[in-house]
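On the provided structure of chain E, position chain D as indicated by the hints.
So you can see what is in the structure, the chains are spelled out below.
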Amino acid sequence: MKLFRIRNIILVVFISFFTLPSYGNFPFKKADLLAKDTTSFVSPFEEDNQRCLKCHGQERYQYTNETLGREVKAIMCSERIVHKEEFYASNHKNFSCTDCHSAEYVKFPHSGELRMEQKLNCIDCHGGDEKFAQYHFEEIEAEYQKSTHFKMEEEGFSCWKCHNPHSYKITVRNSDNLKETIAYDNSICLNCHSNFDHFQLLTDREEINVIQKHEWLPNQAAHFKSVRCIECHSRVNDSIKVSHLLLPKTEAVKRCNECHSQNSILMASLYKFESKAQRRDGFFNGIILNESYVIGANRNEYLNLISLILFVGVLGVIAVHILFRIRKNNKTY
Amino acid sequence: MYLYPKWIRVWHVVNGLMFLILIITGLSMQYTDKENASFVVGFAPAVKWHNFAAIMLTVNYIIFVAGNFLTTNGQYYKTSRENFLEDLLKQLKYYSWGMFQGEKHPFPVTEKRKFNPLQKITYVLAMYVAVPLLIISGIGLLFPEITITKFFGVSGLILTDILHITMGFFLSIFMVIHIYTCTLGDKPTSLFHGMITGYHKSEEHHS
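Keeping their order, the protein sequence lines are chains E and D.
With numbering that gives the first Met the number 0 as the guide, the letters of the first sequence map in order to residues 0 to 332.
With numbering that gives the first Met the number 0 as the guide, the letters of the second sequence map in order to residues 0 to 206.
Just chain E, with the same shape it has in the complex (with noise of 0.2 Å):
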């Protein structure tokens, strides 16, 4: 076995050699995927949302210091900065500042208490919205309460942790990119799990490092470009459109066949939006083909049967041979 050993150590040095910044960081920056997205919206609230974009849209902003009566340059805290091209191609791109924020803030320099103000959760504006109905975000919500998420909100997890309300777009029911979805998506599980001042933010426990955690799993680079964290990581819930009960690291899948197999769990999770038309070449799961190949799950029920046909056949022959043999020993004795 020592041969696999070696084998996942070259195999991880190589990955990691071209793709990590460091040990332990991950290939995909969430920054690089939402960069590529230029999108032609023009905002109704643009002219508004100006005003606050103009210091929080950078890094960098300047305003005048009545008191000192000079223009003064400081830094915008990171945690503050909304990119302007990810807002506007964002989910909430049509919205105002304003919708969310105080209209206090329209005042600079901003009242102290306004820090302060209780931020929406999703459920807040999305929950008993008929417009929203098809999407289930009380059922969203109360799988979220049932997660392991659920219970470092007093450390101040919620949405917005994993959903940045200024940046977020849904990707996997409406992307024609499969295998961007799952950048983009498994960027979000990255953005805590990858990156250590984050995760401190919420938990005590120690630095993860998610390539080592998953040295069990076999061609290791290939899975983690193809499925998504939450394929394993979350129970499946059939009336949502996205699992949202995050499970505890016990009890996520581990067994191979879950998705190795004819009734591949993937079917019910990545590829749920993929076309339901079957292809009429025969293949087992065949929508999964357009974009990979799941060993187990891609079977061709025509090689299949020709192949047990082949089988059938030769041990027939076999079979015919054998009592001939045993007619012509009876003969001859």
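Keep in mind the hints are simulated off the structure, nothing from the lab.
Treat the hints with caution; some may be incorrect.
Stated by the list, open to error - Below, a list of computed lysine-lysine pairs in the PhoX-like style, where the Cα atoms sit at most 20 Å apart:
#1 D/Lys-200 x D/Lys-186
#2 E/Lys-330 x D/Lys-103
#3 E/Lys-248 x E/Lys-145
#4 E/Lys-253 x E/Lys-224
#5 E/Lys-178 x E/Lys-224
#6 E/Lys-83 x E/Lys-53
#7 E/Lys-240 x E/Lys-178
#8 D/Lys-186 x E/Lys-330
#9 D/Lys-103 x E/Lys-327
#10 E/Lys-130 x E/Lys-240
#11 D/Lys-89 x D/Lys-77
#12 D/Lys-111 x D/Lys-5
#13 E/Lys-253 x D/Lys-47
#14 D/Lys-103 x D/Lys-89
#15 D/Lys-113 x D/Lys-200
#16 E/Lys-271 x D/Lys-33
#17 E/Lys-327 x D/Lys-47
#18 D/Lys-200 x D/Lys-5
#19 D/Lys-92 x E/Lys-327
#20 D/Lys-47 x E/Lys-212
#21 D/Lys-89 x D/Lys-113
#22 E/Lys-92 x E/Lys-130
#23 E/Lys-150 x E/Lys-118
#24 E/Lys-253 x D/Lys-5
What you are looking at is a predicted structure, and each value in this text was computed from that prediction instead of being measured.
The following block gives chain D in isolation, referenced to the frame of chain E:
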């Protein structure tokens, strides 16, 4: 007569054992299901053992090819084009008819002719066509990151896999027939005995 030198016998037994492991674990990977997690072997151990046996088989194959170049063993596989079809038919006719009529073997085993024409062609096809294709496609599946992702709009991995399982299937069929024809010696066990001791006892039949 002494027909099978030690290196051939060792190669043969390793090849056979590895191939058995590969068939069992290959079927296990292809046909495991969620409910009955182990078709024969569970998926995870099947992957490990399949990889292990595949590496062993590949190394063993290199030894086989090198051995055939470096010793006289390679000569036994040389097929003459002259009377190629006639000789094949003669051998086939013997297996399907002649042997039941008490006819003599058309190509008895000698020190210069270890294999009959049917053996020659099947061994050459198996060892120099199917096994190399099986190994190459297997490497493609072992390192999916080096396999081309798209080939004329179709996943490169599925094409590699179809080639792999097709070759695996043909070689499995070959193995079944090979083992059966090995019972066609003087006694059903004599040819197996020969492959263990190295000595071929009969000049009548052989697999």
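For each hint, the structure was consulted:
1. Restraint check for D/Lys-200 and D/Lys-186: satisfied, since their Cα atoms lie roughly 10 Å apart, inside the 20 Å limit.
2. Note on E/Lys-330 and D/Lys-103: the hinted pairing holds, with a Cα-Cα distance of about 17 Å set against a maximum of 20 Å.
3. For the given pair, E/Lys-248 sits about 14 Å from E/Lys-145 by alpha-carbon distance, which is consistent with the 20 Å threshold.
4. For a cut-off of 20 Å, the pair hint linking E/Lys-253 to E/Lys-224 stands: about 17 Å separates their Cα positions.
5. With a C-alpha separation of about 7 Å, the suggested pairing of E/Lys-178 with E/Lys-224 holds against the 20 Å cut-off.
6. Taken as a hint, the E/Lys-83 and E/Lys-53 pair is honoured in the structure, with Cα atoms around 10 Å apart against an allowance of 20 Å.
7. Pair hint E/Lys-240 plus E/Lys-178 holds up; C-alpha atoms about 18 Å apart against a cutoff of 20 Å.
8. Under the criterion of a C-alpha separation no larger than 20 Å, the hint pairing D/Lys-186 with E/Lys-330 is consistent with the structure, at around 17 Å.
9. Distance restraint check for D/Lys-103 and E/Lys-327: the Cα-Cα separation of roughly 15 Å lies within the 20 Å cut-off, and the hinted pair is therefore satisfied.
10. Only pairs whose Cα atoms come within 20 Å are accepted, and E/Lys-130 paired with E/Lys-240 is accepted, the gap being roughly 16 Å.
11. For the hint pairing D/Lys-89 with D/Lys-77, the CA-to-CA distance comes to about 18 Å; that is within 20 Å, so the pair holds.
12. A C-alpha spacing of about 18 Å is found between D/Lys-111 and D/Lys-5, which places the hinted pair at or below 20 Å, so the restraint holds.
13. With a CA separation close to 15 Å, the supplied pair E/Lys-253 and D/Lys-47 stays within the 20 Å bound.
14. This hinted pair checks out: D/Lys-103 and D/Lys-89 have alpha carbons roughly 12 Å apart, not beyond 20 Å.
15. For a cut-off of 20 Å, the pair hint linking D/Lys-113 to D/Lys-200 stands: about 12 Å separates their Cα positions.
16. For the proposed pair E/Lys-271 and D/Lys-33, the alpha carbon gap of about 18 Å is at most 20 Å, so the pair holds.
17. With a C-alpha separation of about 47 Å, the suggested pairing of E/Lys-327 with D/Lys-47 is violated against the 20 Å cut-off.
18. Distance restraint check for D/Lys-200 and D/Lys-5: the Cα-Cα separation of roughly 17 Å lies within the 20 Å cut-off, and the hinted pair is therefore satisfied.
19. Note on D/Lys-92 and E/Lys-327: the hinted pairing holds, with a Cα-Cα distance of about 16 Å set against a maximum of 20 Å.
20. At most 20 Å may separate the alpha-carbon atoms for a hinted pair to count; D/Lys-47 and E/Lys-212 meet this at roughly 18 Å.
21. For the hint pairing D/Lys-89 with D/Lys-113, the CA-to-CA distance comes to about 17 Å; that is within 20 Å, so the pair holds.
22. Taken as a hint, the E/Lys-92 and E/Lys-130 pair is honoured in the structure, with Cα atoms around 17 Å apart against an allowance of 20 Å.
23. Using a Cα cut-off of 20 Å, the hinted pair E/Lys-150 and E/Lys-118 holds, with the two alpha carbons roughly 19 Å apart.
24. Proximity of E/Lys-253 to D/Lys-5 is assessed by CA-CA distance (about 45 Å); at most 20 Å being required, the pair is judged violated.
The earlier numbered hints that this structure contradicts are 17 and 24.
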